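Q: Residues per chain, in single letters:
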Amino acid sequence: MDKKNKRRKHSQLKEFWRRFRKNRTAILGLVILAVIVCIAVFADLIVPYARCIEQVGADRLQPPNPSHWFGTDELGRDLFSRVVHGARYSLFVGVVTSLIALAIGAVLGASAAYFGGMVDNVIMRIIDVFMCVPPILLSLAVVSALGTSLRNLIIAITISCIPGNTRLIRSVVLTVAEQDYVEAARSYGTTNRRIIFRYVLPNAMGPIIVNTTMMISDMILSAAGLSFIGMGIQPPAPEWGALLSNAQTYIFTAPYLLFFPGIFIILTSLSFNLVGDGLTDALDPKLKD
Amino acid sequence: MSDVILKVSHLKKYFRTGAGLLHAVDDVSFSVPGGSTIGVVGESGCGKSTLGRTVLRLNEPTDGSVLFEGQELIGASKKTLAKIRPQMQMIFQDPYASLNGRMTVQQLIAEPLIVNRVCRNRREIDQKVSEIMEVVGLSERLTYAYPHELDGGRRQRIGVARALVLDPKFIVCDEPVSALDVSIQAQILNLLMDLQEERNLTYMFITHDLSVVRHISSRIMVMYLGKCVEEADADRLFENPAHPYTQALLAAIPIPSVSSQHVHRTLLQGEVTSPVNPAPGCRFAQRCKYACEACRKEDIPLKEIEPGHFCACVREG
Amino acid sequence: MNNELLQVKNLSVQYKTDLETVYAVNDVSFSICEGETLGLVGETGAGKTTTALGIMGLLPKRTAHITGGSISYKGRELTELSKKELLGVRGKQISMIFQDPMTALNPVLTVGDQIGETLRLHNTENLSGEAIEKKVDEMLEMVGIPPERKKEYPYQFSGGMRQRVVIAIALICDPSLLIADEPTTALDVTIQAQILSMICDLQRKYGTAVIMITHDMGVVAETCDKVAIMYAGQIVEYGELKDIFTGDDHHPYTIGLFGSIPSLTKKYRRLTPIEGLMPDPTTLPAGCCFAERCSHCQEICRREKPQPVVSGSHMIRCHAADAHLAAASDFFEKDLSRG
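Residue numbers (this note's numbering), protein chains in the order written: chain A, 1 to 289; chain B, 1 to 317; chain C, 1 to 339.
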């Protein structure tokens, strides 16, 4: 019996995959994403970290050539290896901040929606206050208060995206909690906890997963942005935004310094967005075929 | 008939809205003998669904009392409620929205058993589920299907199975067939009536469809804007409706036979007024062709106009 | 009766997607004369709405294909009209009322503007703005709404009132054919009675022909002259009202449909519904579509599609009907059984 059950679950997953696969752009996004993730994971195998920080005086500001595929920067560091290792920072920052924001947003949003009344009011008014401040300003304020470091960067951009996330999750949970099947569950005596975990969360999952994917791309951009204005990850760590920031001085003399990190930021962010779009369509049973 | 299983007295449910107090259920009393069906009819917004939910205490009533087998439900503790809940179940209108789309048929039907810890082990649950599936006419191969793979009729059978699995005595059926096609509707009605006979169930059957309510009910209660305006045995009500609203309601049903064409009926004019802060007096007075001074002065109580036939109209009694 | 207004002949519509083909309407023929009311009866998925959308030229372009048959309106072939020509017909000569009055109106336009909109679009007589306003007032009065309310928005109206507005929109251009797709299903029974009697009065006054799509036999009995009973995309029984509601010869599906309706006058212990479900419209059976659920099913029913059997104005598409019904008159034979 359990076997059959598993097969069912499996086929639901298969169904989801079948619908996702039909979306060509989403598959393209997934492929790009897979490549970038591989680069980040196997960065040390592709090129040792030592090469990122190794400064070769003779090779300053070299344009792309066979020994330095992406060229070198003003200190003679190999840009290719810096971009490869930068993938680690960018993906790490994007994923970690999104997950933290998701967790905090889920707790705040779900309790606001489910309990309503005072709880809802207090949480949402505080969120409203945060919503009034532009996210980039909020992150800047946090970073300047705490000082610049990887940890503080993560804290800063996480805080900036909690308000939006909380709102979204609250609205999703509100719609789900209103459904008849939740009332049906109550009618045969289901406890609040079981309702939240068996009924509300599984049904709210779709939009939340999609939102999180999209959020990762936003987070990567914000991190790059903060690094770009010097408030993010500090040199010599090769974060993509920091690379860009560094390159702006040489925008006319060595444009490739701007080009390669820029391309990677755009590709990563784009691929997350494409996958997110694909997920939206594939997870919505109303958009069948 | 057997003893009274449910006795509702002076039940009130008001909702606070921006515009004022919405009188969804306003001082409704009735009692249901075991094994019978009480039909509740009325148009949208008359408070019939709220009445059903309040009787089950799915929402907190403003005032009144609900006695189930002599046990007071209103104000009862969580513990007492947990004990009584399995005896009182509900079938919902929309067979799609009332089923959690992430669960299989098996899981959906097993859920009440698990929640109420009725069975000792997995095997007992599985057995009980397959038993009940057979009772409601769901074939075994659907055990692991998801609701979205099924048609409306089958989904509603899941709803019925879920309500039955705890072996309840009393079931509130909230428009269980309105979302279904006629031929499927008839299948479900037959199923409900067979089950009632086999298991001596008591139904509170809420609907707006008068022919359905006549078919299934032994007693019928007509509601208008939160008030019960007439209550009588099904046949009596249809043969001899006393309240002007009941009369208008019956006259408005299109009858599926040739003789009915081009017979000019007296149509009810106007529409249902708002249930928010209603003025005292008969709620129906605005649309009633017999309305007079007395109707608008104060609320009209239900009066027994003949044995077992109650009507709230100044013209009667 | 009098002049034929619309004739649908052997109409077939399919919805095609990458995965499957839905045979929504299969070989449907009917006609309607000026001032007549035709009831199109059937359950969900029987193809009623698809037929109506086909006549309106409103089938979704991407998936729906008319695979055969013709729709001729006053002698013009509607399936061959260009987009532009179709615009001149739709709304002006044929108009439609939808089921749900709550979503059929645009919430950001006043009711008066929405009623006038159709007339402004089809302003062939070059009416001035004032004349249009006057016409809007007239329409509102006709459907029983005080003209003062035309400055209000849809949310200020109740369901029944909104359906009246929808009807006013449909009738303002004085169409000769009105398609009403379940116009009262979403309404309460007392409001339903008001709306139905209003449609009938307007129809008598203006001589509009009506196609009444419904699943309610009661509504059919009260409003229609002719009835077509649809099942799995086919008309299984067709005839004048008395043919369907009286007499002994019927399609088994019609009998089942009547057996499913609880009676208001007599009390039966049980209903006699049709067991089973409608066949999946993506894989219709080779023989009669109703064979699976039919209690009189014979060998031939599973093998061959039944041809229409006609007696007078009454058509039944059933193998068993052969024995009962008299041989068809030549005219109808030619008309209905082609294809």
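Quick caveat, the hints were computed from the structure, so don't treat them as lab data.
Keep in mind that the hints are not guaranteed to be accurate.
For each label pair, taking beta carbons as the anchor points, the in silico distance ranges come out as [unchecked claim]:
1) C:G259 / B:R236: 50 to 58 Å
2) C:K151 / A:I126: 19 to 27 Å
3) B:E69 / A:T191: 18 to 26 Å
4) B:D167 / C:G259: 27 to 35 Å
5) C:Q298 / B:G70: 40 to 48 Å
Part of the chain C face toward chain B, derived, beta carbon under 10 Å [what the hints assert, rightly or not]:
6) K151
7) Y155
8) G159
9) L187
10) A193
11) A221
12) G276
13) T282
14) L284
15) E292
16) S295
17) H296
18) E299
Listed next, the stretches of chain A that the computed footprint assigns to chain B, with coverage defined by at least 3 CB atoms under 8 Å from CB atoms of chain B [claimed, not checked]:
19) 172-185
20) 188-195
Bear in mind the structure is a predicted one, so any value in this text is a computation, not a measurement.
For every residue, glycine included, the Cβ atom is placed at its ideal position computed from N, Cα and C.
Q: Please go over all the hints and tell whether each is borne out by the structure.
A: Consistency of the hints with the structure:
1. In this structure the hint that G259 of chain C and R236 of chain B lie 50 to 58 Å apart at CB is violated, the actual value being about 26 Å.
2. In this structure the supplied range 19 to 27 Å is violated for K151 of chain C paired with I126 of chain A, their Cβ-Cβ distance being about 42 Å.
3. Hint check: E69 of chain B to T191 of chain A, Cβ distance near 24 Å, so the stated range 18 to 26 Å holds.
4. One distance hint, 27 to 35 Å for the beta-carbon pair D167 of chain B and G259 of chain C, holds here, with the actual separation near 32 Å.
5. In this structure, Q298 of chain C and G70 of chain B break the distance hint of 40 to 48 Å, their C-beta atoms being roughly 59 Å apart.
6. With a least beta-carbon distance of about 20 Å to chain B, the hint placing K151 of chain C at the interface is violated under the 10 Å criterion.
7. Look at Y155 of chain C: its Cβ only gets to about 14 Å from chain B, farther than 10 Å, so that hint breaks.
8. Residue-level restraint check for G159 of chain C holds (minimum Cβ-Cβ distance to chain B is 8 Å; threshold 10 Å).
9. The closest approach between the C-beta of L187 of chain C and any C-beta of chain B is roughly 9 Å, which is under the 10 Å cut-off, so the hint is satisfied.
10. A hinted interface residue such as A193 of chain C counts as satisfied when its beta carbon comes closer than 10 Å to some beta carbon of chain B; here the least separation is about 4 Å, so the hint holds.
11. For A221 of chain C, the interface hint holds, the least distance from its beta-carbon to any beta-carbon of chain B being 5 Å, beneath 10 Å.
12. With a least beta-carbon distance of about 9 Å to chain B, the hint placing G276 of chain C at the interface is held under the 10 Å criterion.
13. Annotation: T282 of chain C was flagged as interfacial toward chain B, and the flag is violated, the nearest CB pair being 14 Å apart, outside 10 Å.
14. At its closest, the beta carbon of L284 of chain C sits 16 Å from a beta carbon of chain B; the interface hint therefore is violated under the 10 Å criterion.
15. Annotation: interface hint on E292 of chain C violated; nearest CB of chain B at approximately 13 Å, more than 10 Å.
16. Here the hint on S295 of chain C is broken, as its CB sits about 13 Å from the closest CB of chain B, past 10 Å.
17. The restraint placing H296 of chain C at the interface with chain B is violated, with a minimum CB-CB distance near 16 Å, outside the 10 Å limit.
18. Interface hint at E299 of chain C: violated, since its Cβ lies 25 Å from the closest Cβ of chain B, which is beyond the 10 Å cut-off.
19. Only residues whose C-beta sits within less than 8 Å of a C-beta in chain B count toward coverage, and the segment 172-185 of chain A has 6 of them, enough to reach three; the restraint holds.
20. With 5 residues having a Cβ less than 8 Å from any Cβ of chain B, the segment 188-195 of chain A passes the three-residue criterion, so the hint holds.
Hint compliance for this structure: hints 1, 2, 5, 6, 7, 13, 14, 15, 16, 17, 18 are not met, and every other hint is.
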